[in-house]
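Asks: Listed below are the residues making up each chain.
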Amino acid sequence: MKIYQVEKPLVATHRISGLEHRHLQVVRDGRARAVAVDAVGCTPGDWVICVGSSAARDAAGSKEFPSDLTIVGIIDHWVPEEGA
Amino acid sequence: MKIYQVEKPLVATHRISGLEHRHLQVVRDGRARAVAVDAVGCTPGDWVICVGSSAARDAAGSKEFPSDLTIVGIIDHWVPEEGA
Amino acid sequence: MKIYQVEKPLVATHRISGLEHRHLQVVRDGRARAVAVDAVGCTPGDWVICVGSSAARDAAGSKEFPSDLTIVGIIDHWVPEEGA
Amino acid sequence: MKIYQVEKPLVATHRISGLEHRHLQVVRDGRARAVAVDAVGCTPGDWVICVGSSAARDAAGSKEFPSDLTIVGIIDHWVPEEGA
Amino acid sequence: MKIYQVEKPLVATHRISGLEHRHLQVVRDGRARAVAVDAVGCTPGDWVICVGSSAARDAAGSKEFPSDLTIVGIIDHWVPEEGA
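Residue numbers (the numbering used here), protein chains in the order written: chain A, 215 to 298; chain B, 215 to 298; chain C, 215 to 298; chain D, 215 to 298; chain E, 215 to 298.
In short, the hints are calculated from the structure, not lab data. Be aware that a few hints might be false.
If several chains are the same, the list does not tell them apart, and a pair holds so long as it fits within one copy or across any two.
Unchecked claim - No farther apart than 20 Å at their CA atoms in a straight line, the calculated lysine to aspartate or glutamate pairs in the EDC-like style are these:
id	residue 1	residue 2
1	Lys216	Asp243
2	Lys216	Glu278
3	Lys277	Glu295
4	Lys216	Asp290
5	Lys277	Glu234
6	Lys222	Glu234
7	Lys222	Glu278
8	Lys277	Asp260
9	Lys216	Glu234
10	Lys277	Asp290
11	Lys277	Asp243
12	Lys277	Glu221
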């Protein structure tokens with residue numbers, strides 16, 4: 215799993231039906247940004263744990279959910295490293 | 215998932231039969247280019263969400279579809295970062 | 215598999231139910247940090263082997279466990295390379 | 215999927231039985247080289263589409279085929295970018 | 215698949231039971247080191263083909279084997295590139 219900070223929700227009105235029913239969040243790991251399915255209900259600024267690979271699908275709710283990155287937990291306390 | 219900009223369709227006349235029935239798009243993430251299966255019907259210039267890993271297969275239409283990167287949504291508004 | 219050094223446990227009170235019942239560890243590979251499910255019972259400073267991909271799930275205890283990085287062994291003797 | 219240029223066949227007399235029955239090709243993406251299972255019948259110099267992840271297995275012929283990178287198509291026309 | 219050079223066996227006395235019955239090898243790809251399950255019986259210095267993703271599991275002997283990198287072949291002749 216990797217640690218990201220939630221930046222903001224992402225709106226994609228035109229998307230495949232399989233992606234509905236879950237919020238998408240733009241998450242940031244230093245300079246890199248990714249999009250994650252929100253399985254915990256987080257808010258911008260939260261430091262979160264994201265799971266990838268095939269585990270992202272079960273974590274999003276079902277084996278058929280088309281996610282490769284899912285937010286699975288909010289970290290209680292996190293101090294990022296300088297330069298990270 | 216990752217965010218890419220659609221560059222242009224890709225033509226590969228000689229390909230395995232499993233890849234037929236779907237359009238391929240060259241997508242760009244900064245300097246890196248990849249090829250994605252188009253599951254939403256996008257046009258060059260669109261900013262899109264692409265899913266990878268095993269989720270790319272279901273997203274392309276079936277568990278047997280040989281995709282490792284599938285376009286699953288078009289982002290309503292996206293402002294890329296400078297240098298990205 | 216990759217070699218990491220265990221840094222410290224990670225606490226995420228608010229997480230999905232599937233992630234319960236296993237400890238999470240922050241692990242470090244040079245400058246990069248990741249979060250791994252601990253399947254062996256390690257302590258900070260240990261050099262460990264972590265498995266990713268879908269194998270991380272079985273390694274964590276079941277095919278349904280939502281892990282993409284699991285600690286599967288503690289290395290007896292390991293000397294990191296300079297600069298690594 | 216990613217775009218590679220075929221460099222040359224790879225010979226590995228001593229390999230697991232599961233890898234037999236398919237040719238292996240050394241492929242190149244800029245400076246990085248990889249090995250791909252050839253499912254289309256390509257020749258050195260061809261620009262090809264390679265699929266990774268679990269999709270590489272089906273693309274190579276069966277769910278049991280131990281491939282993580284399979285050549286699935288030959289691109290009709292491709293102009294690489296400078297520096298790529 | 216990727217090409218690595220075998221460096222040395224890795225000893226991890228304390229590991230999960232699923233990882234037993236197979237030797238682990240430290241492999242090197244330029245500056246990066248990884249750990250691979252040895253499915254062919256190689257020796258230090260060998261240039262080998264390693265498969266990752268879910269294919270690493272079948273290649274290691276069964277769908278349940280917790281490997282994400284398995285040595286599947288020894289290359290007959292390999293000349294690494296300078297600087298690689």
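Asks: State the violated hints by number, sorted upward, taking the hints as numbered earlier in the document.
Replies: 3, 7, 8, 10, 11 and 12
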